[in-house]
Amino acid sequence: MPLSKDELLKAYRMMKTIREFEERLHVEFATGEIPGFVHLYAGEEASATGFCMHLDDRDKIASNHRGHGHSIGKGCDVDAMMAEIYGRGNGLCGGKGGSMHIADLSKGMMGANGIVGGGSPLACGAALAAKQLGTGGVAISFFGDGASNQGTSMESLNLASVWNLPCIFVVENNGYAEATSSKYSVACDDAADRASAFNMPGVVVDGHDFFAVYEAAGEAVKRAREGKGPTLIECKLNRYYGHFEGDAQTYRGKDEVKNLRATIDCLDRFRAKVTSADLLSEAELDVIDGEVAALIDGSVEKAKAAPMPAPAELLTDVYISY
Amino acid sequence: MSLDDHAPSIGVLANPAAGRDIRRLVAQASVFPIAEKRNMITRLFSSLGMLGVGTVYMMSDGNGIADRIRHALETPPPSDQIWPKVVFLDMPIEDRAVDTLVAAEKMVAHGVGGIIVLGGDGTHRLVASRAGDVPITALSTGTNNVFPAMREASIAGLAAGLVATGQVPVGDCAVRNKVLRVDVNGVESDLALVDLCTSTELWIGSRALWRAEGLDQLFLSFAEADAIGLSSIGGLIRPVTRAAEGGLWLNLADPASAPIIVTAPLAPGLMIDIGVEAVQDLRPGEAISLRAERGVVALDGEREIEFSQTDKLAVRLEWDGPLTLDISKVMTYAAEHELLHRVNAN
Ligand SMILES: Cc1ncc(C[n+]2csc(CCOP(=O)(O)OP(=O)(O)O)c2C)c(N)n1
Ligand SMILES: [Mg+2]
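Protein chains in written order, with the working numbering: chain A, 1024 to 1345; chain B, 982 to 1327.
Chain B on its own, in the form it takes in the complex (with noise of 0.2 Å):
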């Protein structure tokens, strides 16, 4: 049984990688099977269904997430669940990067109501750049991630769908974020949610950097306290909120003659001393050019660019990033109007 086709869409997409990048090797960050991401997703739909949502669509994988969804769809829903029709995204499977921006795409043009994202940072780091004005419900797969949090999926699920299907009011649950925009040689390039970070090591490589040596300069579009990875390094000289106006923008420097050194939790397991030279408040639209000649940036903690002396690179906080859902907020609201609760009239 399915909803009809006029019904709300969300788009659901997730991170088809399970974490397994160097920091299980360099640190001890969690592992977040795929098995665990089809759950999630089969949650969602509980939720979703249980709403009205129509329809959902999904990104084509080649890694299997897409395959576990077809399979559990191939039985019935658990008692007596409807769940929404699951539209996988007619694309090119790459197995990198692009397809989730390609896939984000995709259900901007198919009008979704909203995206549900499942993975890390650079998951959202790479949605963030194509969602546009549609609200993402941001969650977390595993521990090593500041932007989403790690939530239970109905719950999320049903913030998703109680705004998709136009029972709470957007404007009033969502929130708009910053972003770390960086320009290479005067073209906008790229983003960051939370943190920019250049380093003078020279190449992607395995993309983390959980090293102190090479750390150059930190560009913070918020800084908490209890933060994982290179944003808590800011968090913990003077934490700054996602809502406050400005950023924060650091020079780091070798703790061995640093004014101030950090010991911060670069990585679930790994502390690491930074030395810090300078902080200073990042303004929004404030152009500030990277001090060097070349090296690497990493967005939301993964080398990204590689830049060389012919280069210029300037990095900017805008105010113009995602709308997130405020899942706290959707359901006070649901709550204090009554939308999942109802007086029993026998």
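Pulled out of the complex, with its shape left as it was, chain A reads as follows (with noise of 0.2 Å):
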């Protein structure tokens, strides 16, 4: 089915939103005012976007420390998102996660994750909770090459396998993990070559290309929804920025990501693709690069005049008592 129009705004609407997100972010954590940790995922924006266009609230996705562009693609509240990595007390976790720990259930998000490798695992649970409830709903686990070496991946592609559990993992392979090459660290020749040893297809496509990630994910789901099992797909991508913001980043190569930028970016390719078929025009695609510019703008200027969370909120939402 080829996209309609409005999926085809959808689409770049998302992927705009997520590079604004990260664009700007990149320029206030500079300022020094965002507490923690923060890791960019400008760049790899196609993936999220091809599998979230897919989904709806049915499907369940876990995310990892690189999650921004995961949470924007579930539909978490850009505003609340923003609050919540300047830790406000209106922030989506009250203020108290910050960018690794961005979650919201009642959207599907799982929640971003400081442990590598750690939400493979969520996704088994909730896509065994779909199947055993025939919501018809599929999980999604987005995880890094360096997570892929993660004893907990392998553990879960081998229960999602054994139980044919409605589970999508996607390799988001951006050549490092921290400062290590993944050609180095992946012993395998491809991270999708892993499905082969749990009985499960592996694909690799091309995570700068929207329309390849999409077509892809589109067969990965469907084959969840009609209960045919797991899949593995690797997205071969990029970061644009360092491993987390502040990182020197002595490992690249000096004009490697100049050149991505120049030669491979996925908006720029999903704009000359869709007004060269006549699909688009500029002009629509620049309302929504203004909208999406003002969504930003209003989410900095809101998360940096709300209040931090008062001291009377320091043990609420942190335990659980079952």
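Please note that a few of the clues may not be correct.
Unchecked claim - Only pairs whose alpha carbons sit at most 25 Å apart, straight line, appear in this in silico DMTMM-like list of lysine to aspartate or glutamate:
1) A:K1277 - A:D1288
2) A:K1119 - A:D1340
3) A:K1325 - A:E1305
4) A:K1296 - B:D1171
5) A:K1327 - A:E1307
6) A:K1281 - A:D1270
7) A:K1245 - B:E1194
8) A:K1028 - B:D1197
9) B:K1293 - A:E1305
10) A:K1296 - B:E1274
11) A:K1028 - B:E1194
12) A:K1296 - B:D1292
Stated by the list, open to error - Residues from chain A shown here face chain B by an in silico Cβ test under 8 Å; the list is partial:
13) P1025
14) H1077
15) D1100
16) D1212
17) D1213
18) D1216
19) A1220
20) V1226
21) F1234
22) A1235
23) A1239
24) K1296
25) S1299
26) L1303
None of these hints come from the bench; they were simulated from the model.
Nothing here was measured: the structure is a model prediction, and the numbers come from that model.
Backbone N, C-alpha and C fix where the C-beta goes; we use that ideal spot for every residue, glycine too.
From the two separate chains plus the hints, produce the assembled complex.
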């Protein structure tokens, strides 16, 4: 099914919102006003968007430390996310989680995660619940090349296969885990190769091309919804910033990022394709650019103006007694 | 130990991407790990070294074949084998198809006596566009291919080595292949070795074509009845050999209304009903304009070119494709001329 005009606009808005959110955080973080660690997703937008475009309220996602893109894709409120990153009381998690623990269960976003490899077991749980309850929902775990080497990732692949879970494992291979190259640290040819060992399909897609991700994601989601089991998809992509904000990136080539931005940027490619196919006009996309810029400006302004959590809130939401 | 630098050289070009395209998800396509490509390449070295090939040029890649071969070269070859000197080409690595094009060009520039290709139809297509008259030894890595055959690498290495060292005349054992060339707005743009298919899908997306919907026109340089992939659509109606003068040209349609329906194996494990409106002979040199206003062109099964209303595309069958070695012919020639057997004088 070709994407309708509305869907194309939605996909562009999602990618652009993620990009603007991250570009702005890069600037704001340097002022020293943001507490904690921030890992930016800029450059990887086609992956979160290509998958999340197929999801609805039945579906759940588990994210990692680089989670802003996944959160926006799954529908988390941008103002509340920004407030959370600024540690404000009106943040999505009351200002106590920060960038690395953004979650909104009401949207099916089970959380960013400070534990590398921590997301996939959660996705298996959500997929098991969907299967037992017969909701038709699927669960997606987004994780990195580094996380793909973790025991928890392997265990989750195994469990999802054994239990035939509606679970999709998305390895976002951006070439590095912190400063370690995935070519060095991933023992198999592609992270997707691990799928065969767990008896599920493993596919590599160009993570800079929204349409490539969208198509593969659609097949994997369909397969999961039809009860045919899990899939592993590896998106080959790149991050535009350091591992975390403040990373000097001495391990990267001199013009590596500059070249990536100039040649394979997912937003530029999307724009070029849809305009040359006469599906959307430059003007329509420019309108979205303007709206997104205003949204992000507003979210930063509101976050800065919002109050910190009150001292009385120190222990709320932190421990739960079952 | 290595042979002297003036000994003949050969290029070995292996696709560094382990087959991991979407056909593993939408069909049951095979997986061919890089470790096995490495094993095949070392078997080539055994044959090439024995025949006196001095140098093997290989592509530098970022995906692991070059690394694994370097590793293999650190330990001495088995028993008393002599392997050729291996030179990794000095080239930028982009981890994309362009690497294969650059490597093939450089091999030709180094004057290799042949290029052994390990890959699928797509890799062979890329090498074919740059190989000129250097004979290609085509080795399939996977079951989803038509142009190259699945063969034992040691034998392919013997055949390529016998020709490169001049022991078997290339003229007797190499065949010229047909190609399908596509012109975009009057400019020659790309080629396919086996099949060129247009689809009304708009995007290159995940590359493979595996659905009946949207398939529009299919051009075939040859069509075998026992082939896998798009060419089987023609092959199951009117088979055409690689040697036949012309090719085939089919207009496809919705199976619900088409006069002919072919159940074609579009990918391993994937049999699909395809509607065929018309089958015509494709004569060499004749340019056929595409009927679709916009869509994509798939070359040897992979979507490669997106085109819109403003583009004019035409397809031609030409006889100026690559030279490929007929491995059986080379080996038969070797037997008849006593190249690999000798009478024991004792
Ligand atoms: C269990 C665990 N080990 C180590 C770390 C430290 N750490 C944080 S991010 C990271 C690298 C993760 O790399 P990858 O999974 O490729 O994700 P990317 O940052 O590239 O998106 C590491 C080692 C951690 N947070 N958790
Ligand atoms: Mg990484």
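Quiz prompt | Given pair status - D1292 of chain B, K1296 of chain A, alpha carbons within 25 Å | solution = OK: K1296 of chain A and D1292 of chain B at ~14 Å, within 25 Å.
Self-check item: Pair hint K1293 of chain B and E1305 of chain A, alpha-carbon separation not exceeding 25 Å
Solution: Status holds; Cα separation ~24 Å.
Quiz item: Regarding the pair K1028 of chain A and E1194 of chain B, is the alpha-carbon distance no greater than 25 Å?
Solution: Answer holds: K1028 of chain A to E1194 of chain B is near 20 Å, not above 25 Å.
Self-check item: S1299 of chain A as an interface hint toward chain B, with CB separation required under 8 Å
Solution: 6 Å, holds
Quiz item: With 8 Å as the cut and Cβ atoms as the points, is D1212 of chain A at the interface with chain B?
Solution: With a closest approach of 4 Å, the D1212 of chain A hint holds.
Quiz item: Is the Cα-Cα distance between K1327 of chain A and E1307 of chain A 25 Å or less?
Solution: 31 Å, violated
Quiz item: K1296 of chain A and E1274 of chain B: Cα distance at most 25 Å?
Solution: 16 Å, holds
Quiz item: Given A1220 of chain A was flagged as interface, is its beta-carbon under 8 Å from a beta-carbon of chain B?
Solution: 11 Å, violated
Exercise. Take a quick look at whether K1325 of chain A and E1305 of chain A sit within 25 Å of each other, Cα to Cα.
Key: 30 Å, violated
Quiz item: Does A1239 of chain A pass the interface check with chain B, least Cβ-Cβ distance below 8 Å?
Solution: 5 Å, holds
Quiz item: Within 25 Å, alpha carbon to alpha carbon, are K1245 of chain A and E1194 of chain B?
Solution: Roughly 17 Å between the alpha carbons, so the hint for K1245 of chain A and E1194 of chain B holds.
Quiz item: Does P1025 of chain A pass the interface check with chain B, least Cβ-Cβ distance below 8 Å?
Solution: Holds, because the Cβ-Cβ distance from P1025 of chain A to chain B comes to roughly 6 Å (cut-off 8 Å).
Consistency note: the structure conflicts with the earlier hints numbered 3, 5, 14, 15, 19, 26.
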